[in-house]
Amino acid sequence: MKIYINGSSSISAHPVFEPSMVLTEPVIHSGDRLICIEPVYDKLLEPIQIRRMSRILKMGMTTSARAIKQADNPHIDAIIAGTGFGCLEDTTRFLLKMIDPDDRSMNPTSFIQSTYNTVSSLVALNLKNNGYNNTFVHSGFSFESALDDAILLLNTGEAKNVLVGGIDELTTEVYDLLKRLQNARIKTTKKNLSLQPAKTYRFGEGSSFFVLSDKHNSASQVEITNFNLLYKPEKDQIISNFENYTQNDEIDLFLLGKNDEKMNDESYNWISSLIHNKKCFNYKSLCGDYPTALSFGLWLATSILSGSGNPMIPIGKINNILIYNCFERQYHAFICVKRC
Amino acid sequence: MNIYVAGTGLVSSLGIGVSQNYDALVSQRHGICSFSQELDPLLEGFPVGRLRINNFDLAEIASASPRFPRTALMSLLAANEAIEDVGLDIRNYRSGFISATTVGGIDLTEQFFISNGKNKLRGNLHKIVNHECGRVTNLVAEKIEVNTYVSTISTACSSSANSIILAARLIKEGRLDIAVAGGADALTAFTLNGFNSLLLLDTDLCIPFDAKRKGLNLGEGAGYVILVSERLVDAGVVSPIVILSGYSNTCDAFHQTAMSPEGKGPFLSMSGALRMAGITPSGVNYINAHGTATQNNDASEGNAVCRLFKNNIPALSSTKCYTGHTLGASGGIEAIFSILALTNGVAFPNLRFSEPIPELALIPVTEVQHFPMDNVLTNSFGFGGNCSSLVFSKILV
Numbered sequence: 185m186k187i188y189i190n191g192s193s194s195i196s197a198h199p200v201f202e203p204s205m206v207l208t209e210p211v212i213h214s215g216d217r218l219i220c221i222e223p224v225y226d227k228l229l230e231p232i233q234i235r236r237m238s239r240i241l242k243m244g245m246t247t248s249a250r251a252i253k254q255a256d257n258p259h260i261d262a263i264i265a266g267t268g269f270g271c272l273e274d275t276t277r278f279l280l281k282m283i284d285p286d287d288r289s290m291n292p293t294s295f296i297q298s299t300y301n302t303v304s305s306l307v308a309l310n311l312k313n314n315g316y317n318n319t320f321v322h323s324g325f326s327f328e329s330a331l332d333d334a335i336l337l338l339n340t341g342e343a344k345n346v347l348v349g350g351i352d353e354l355t356t357e358v359y360d361l362l363k364r365l366q367n368a369r370i371k372t373t374k375k376n377l378s379l380q381p382a383k384t385y386r387f388g389e390g391s392s393f394f395v396l397s398d399k400h401n402s403a404s405q406v407e408i409t410n411f412n413l414l415y416k417p418e419k420d421q422i423i424s425n426f427e428n429y430t431q432n433d434e435i436d437l438f439l440l441g442k443n444d445e446k447m448n449d450e451s452y453n454w455i456s457s458l459i460h461n462k463k464c465f466n467y468k469s470l471c472g473d474y475p476t477a478l479s480f481g482l483w484l485a486t487s488i489l490s491g492s493g494n495p496m497i498p499i500g501k502i503n504n505i506l507i508y509n510c511f512e513r514q515y516h517a518f519i520c521v522k523r524c
Numbered sequence: 024m025n026i027y028v029a030g031t032g033l034v035s036s037l038g039i040g041v042s043q044n045y046d047a048l049v050s051q052r053h054g055i056c057s058f059s060q061e062l063d064p065l066l067e068g069f070p071v072g073r074l075r076i077n078n079f080d081l082a083e084i085a086s087a088s089p090r091f092p093r094t095a096l097m098s099l100l101a102a103n104e105a106i107e108d109v110g111l112d113i114r115n116y117r118s119g120f121i122s123a124t125t126v127g128g129i130d131l132t133e134q135f136f137i138s139n140g141k142n143k144l145r146g147n148l149h150k151i152v153n154h155e156c157g158r159v160t161n162l163v164a165e166k167i168e169v170n171t172y173v174s175t176i177s178t179a180c181s182s183s184a185n186s187i188i189l190a191a192r193l194i195k196e197g198r199l200d201i202a203v204a205g206g207a208d209a210l211t212a213f214t215l216n217g218f219n220s221l222l223l224l225d226t227d228l229c230i231p232f233d234a235k236r237k238g239l240n241l242g243e244g245a246g247y248v249i250l251v252s253e254r255l256v257d258a259g260v261v262s263p264i265v266i267l268s269g270y271s272n273t274c275d276a277f278h279q280t281a282m283s284p285e286g287k288g289p290f291l292s293m294s295g296a297l298r299m300a301g302i303t304p305s306g307v308n309y310i311n312a313h314g315t316a317t318q319n320n321d322a323s324e325g326n327a328v329c330r331l332f333k334n335n336i337p338a339l340s341s342t343k344c345y346t347g348h349t350l351g352a353s354g355g356i357e358a359i360f361s362i363l364a365l366t367n368g369v370a371f372p373n374l375r376f377s378e379p380i381p382e383l384a385l386i387p388v389t390e391v392q393h394f395p396m397d398n399v400l401t402n403s404f405g406f407g408g409n410c411s412s413l414v415f416s417k418i419l420v
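Sequence order for the protein chains is A and B.
Using this note's numbering, the letters of the first sequence correspond one by one to residues 185 to 524.
Using this note's numbering, the letters of the second sequence correspond one by one to residues 24 to 420.
Extracted from the complex, chain A is given alone in its bound form:
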């Protein structure tokens, strides 16, 4: 079974949402936070949505709508989202009100919008779509799970067009907490330098949605030729998996999810050591590290191959890309995409 990406859209730390905006080079962000550069929502959402929705909802709604439009508006049989952190802005807002003894005026809207499945259900609501609807919330493996589910639906013929995406937002409160957690980790591991994050570590966020289809058509951007997830594999398994792809396909660019958090370095190093005379790029240097960052990696690969032009990585003609991501040494994902 062949799987095609017929539509894709992303909001990230670089203004990539509008295809007309061709970047000559990545936007430079100061500090260790890569916050999304959001489009002007006036023409994309209703005024009431712009007022009420948190950033994750706005980003999820607009990127999913754009991906569907790019795919020439097919009927969507299934909507699947992945989010590691969920709707942090609304969760935090409700939580802080709840513990405020002076003002416990809790707004139901925050509670409603704090639910992890808010994006996938809002998209369904907007499309009046009664089909399959699912949300995966498995930390750094949420988008991987969503994509896996989407491909399973296509492979079994349960669906012909699936909308699938990865979304996470970084709020100031949560950034502060993640920073504290990172510092605590540095402190407790000061004797073990290998566990410390590198100086180049950036926290990130983003939303990337795709329309996956079992049919090639004029909208098709890339073909997903291989997709494989490994849970707690041995080193040999990781390597043989990798070699399978590199033997069968002429991979000419490797996108690695290396996040400069040393915990995962080992497996990235195994992979890197097998790449000879080929281009290799860490996509998290562009989008930052967040649980569903692989969705940005897939968007980047799609964008490079579909010729919509992505000069953020200065490269020549590319036909096949392998994306590899590893989450906390346990979860490994390989995606091969091909120009079509």
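Just so you know, the hints here were simulated from the structure itself, not pulled from any lab data.
In this text, all values refer to a predicted model and were calculated from it rather than measured experimentally.
Any given hint might turn out to be false.
Below, simulated DSBU-like cross-link-like pairs (lysine-lysine); rule was C-alpha separation at most 30 Å, straight line [what the hints assert, rightly or not]:
1. B/166 / A/446
2. A/446 / A/416
3. A/186 / A/399
4. B/195 / A/522
5. A/312 / B/333
6. A/344 / A/522
7. A/463 / A/416
8. A/462 / A/501
9. A/312 / A/399
10. A/312 / A/344
11. B/417 / B/195
12. A/522 / A/419
13. A/186 / A/344
14. A/419 / B/195
15. A/419 / B/166
16. A/419 / A/186
17. A/419 / A/462
18. B/195 / A/399
19. A/522 / A/462
20. B/195 / A/416
21. B/195 / A/344
22. A/281 / B/237
23. A/253 / A/312
24. A/253 / A/501
25. A/186 / A/522
26. A/416 / B/166
27. B/195 / A/186
28. A/363 / B/166
29. B/166 / A/371
The hints should help you fit chain B onto chain A, whose structure is shown.
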């Protein structure tokens, strides 16, 4: 290819373990006997279905750290029971753990925020490291030692029905031999305040499908089934209990927190599950309804049931009058209640019911009824319009 259920494990306010829960159901003993102020001193007067065992004791029973979020402790207890029930070393097979939760570790996050006030530099960081839903799943996955697939689903109150569906699909696709699937949710101040802000909580014991219903009671718990492939059953490695013969996942797509009056999503999910099971509505012997006792859910679900089953509505009840609404765990817990109904030939009564909803000809079971069953249907519907239905069927010999 048939997907079999070969084990069950559950925790609810009715007790720890399937048999304690079954005893409570057939003796019509509910577990809604705590009050909301135990969770939030500032929120008084709402009954909740709370398991009256604190985290330290739960941790001891589960042989886990008392630092685990409560959701993880209940999840581990139920998953362990299910695995023991199947009596198989799951490490020898391609095994998966697909869990579901809507709160994850937020019970501890609440404590973190309360202890640090608004000072971001204070607060014990151990309280927030397991906030994410996936962390809770991973804590349990490490203990039960599955080897092939682990993930977490969160689709509000239909969450664990969806993890059971995913497990079945992964087994059908040949990726897993055996899966632990279901979900867990602890009671938290966050969800209590959330449902209270939506004015959906009853100050008395809830009465699903009653004309005078005033809202839901929240509950907590965990429920997991062990799904196995036909291959394992044929090889005689496991003794199956029932078949998961049908399932369907749909979206009502009507409103973020309300179901369509006609119950479009529920109608589609129930009819989809029956279609897959290869049975007509008349083949269903018992429906374990979602029946939260909110105005909206029961009217919408009731409408969908009446449209689908017409003049031939099977025995129906909501067991939320026993456990309260256990949110992300309800699909798993009620799947097991449905399996118990099927294997024991018993329909559990809908407690406290007295007056049917005027516009619906829907009268739930009010006394324990014994009769042989071939197929049972269970519903799980959630915020965002997420609707899922499962059909369990007797194994024909």
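Each hint tested on the structure:
Among the hinted pairs, residue 166 of chain B with residue 446 of chain A is consistent with the structure: their alpha-carbon atoms are about 25 Å apart, no more than 30 Å. Only pairs whose Cα atoms come within 30 Å are accepted, and residue 446 of chain A paired with residue 416 of chain A is accepted, the gap being roughly 18 Å. Simply put, residue 186 of chain A and residue 399 of chain A have alpha-carbon atoms about 8 Å apart, close enough for the 30 Å limit, and the pair holds. Restraint check: the Cα-Cα separation between residue 195 of chain B and residue 522 of chain A comes to about 28 Å, which is no more than 30 Å; the hinted pair holds.
For a cut-off of 30 Å, the pair hint linking residue 312 of chain A to residue 333 of chain B stands: about 26 Å separates their Cα positions. The hinted pair formed by residue 344 of chain A and residue 522 of chain A meets the criterion: a straight-line CA distance of about 20 Å does not exceed 30 Å. Restraint check for residue 463 of chain A and residue 416 of chain A: the C-alpha separation of about 27 Å stays at or below 30 Å, so the hint holds. The straight-line distance between the Cα atoms of residue 462 of chain A and residue 501 of chain A is roughly 12 Å, inside the 30 Å bound, and the hint therefore holds.
Only pairs whose Cα atoms come within 30 Å are accepted, and residue 312 of chain A paired with residue 399 of chain A is accepted, the gap being roughly 23 Å. Straight-line distance between C-alpha atoms of residue 312 of chain A and residue 344 of chain A comes to about 18 Å, which keeps the hinted pair within the 30 Å bound. Restraint check for residue 417 of chain B and residue 195 of chain B: the C-alpha separation of about 19 Å stays at or below 30 Å, so the hint holds. Between the alpha carbons of residue 522 of chain A and residue 419 of chain A the distance comes to roughly 26 Å, so the proposed pair stays at or under 30 Å and holds.
Under the criterion of a C-alpha separation no larger than 30 Å, the hint pairing residue 186 of chain A with residue 344 of chain A is consistent with the structure, at around 11 Å. Proximity of residue 419 of chain A to residue 195 of chain B is assessed by CA-CA distance (about 28 Å); at most 30 Å being required, the pair is judged to hold. Restraint check for residue 419 of chain A and residue 166 of chain B: the C-alpha separation of about 22 Å stays at or below 30 Å, so the hint holds. Distance check on the hinted pair: residue 419 of chain A and residue 186 of chain A sit about 29 Å apart at the alpha-carbon level, within 30 Å; holds.
For the hint linking residue 419 of chain A to residue 462 of chain A, the alpha-carbon distance of about 22 Å falls within 30 Å, and the restraint holds. Between the alpha carbons of residue 195 of chain B and residue 399 of chain A the distance comes to roughly 23 Å, so the proposed pair stays at or under 30 Å and holds. For the hint pairing residue 522 of chain A with residue 462 of chain A, the CA-to-CA distance comes to about 16 Å; that is within 30 Å, so the pair holds. With a C-alpha separation of about 22 Å, the suggested pair residue 195 of chain B and residue 416 of chain A falls inside the 30 Å cut-off, and the hint holds.
Our distance criterion of 30 Å between C-alpha atoms is met by residue 195 of chain B and residue 344 of chain A, whose separation comes to about 19 Å. Of the supplied pair hints, the one linking residue 281 of chain A and residue 237 of chain B holds, its CA atoms being roughly 26 Å apart against a limit of 30 Å. At most 30 Å may separate the alpha-carbon atoms for a hinted pair to count; residue 253 of chain A and residue 312 of chain A meet this at roughly 16 Å. Under the criterion of a C-alpha separation no larger than 30 Å, the hint pairing residue 253 of chain A with residue 501 of chain A is consistent with the structure, at around 27 Å.
With a C-alpha separation of about 11 Å, the suggested pair residue 186 of chain A and residue 522 of chain A falls inside the 30 Å cut-off, and the hint holds. For the given pair, residue 416 of chain A sits about 14 Å from residue 166 of chain B by alpha-carbon distance, which is consistent with the 30 Å threshold. Restraint check: the Cα-Cα separation between residue 195 of chain B and residue 186 of chain A comes to about 20 Å, which is no more than 30 Å; the hinted pair holds. Taking the CA atoms of residue 363 of chain A and residue 166 of chain B, the gap is about 29 Å. The hint holds against a cut of 30 Å.
Taken as a hint, the residue 166 of chain B and residue 371 of chain A pair is honoured in the structure, with Cα atoms around 28 Å apart against an allowance of 30 Å.
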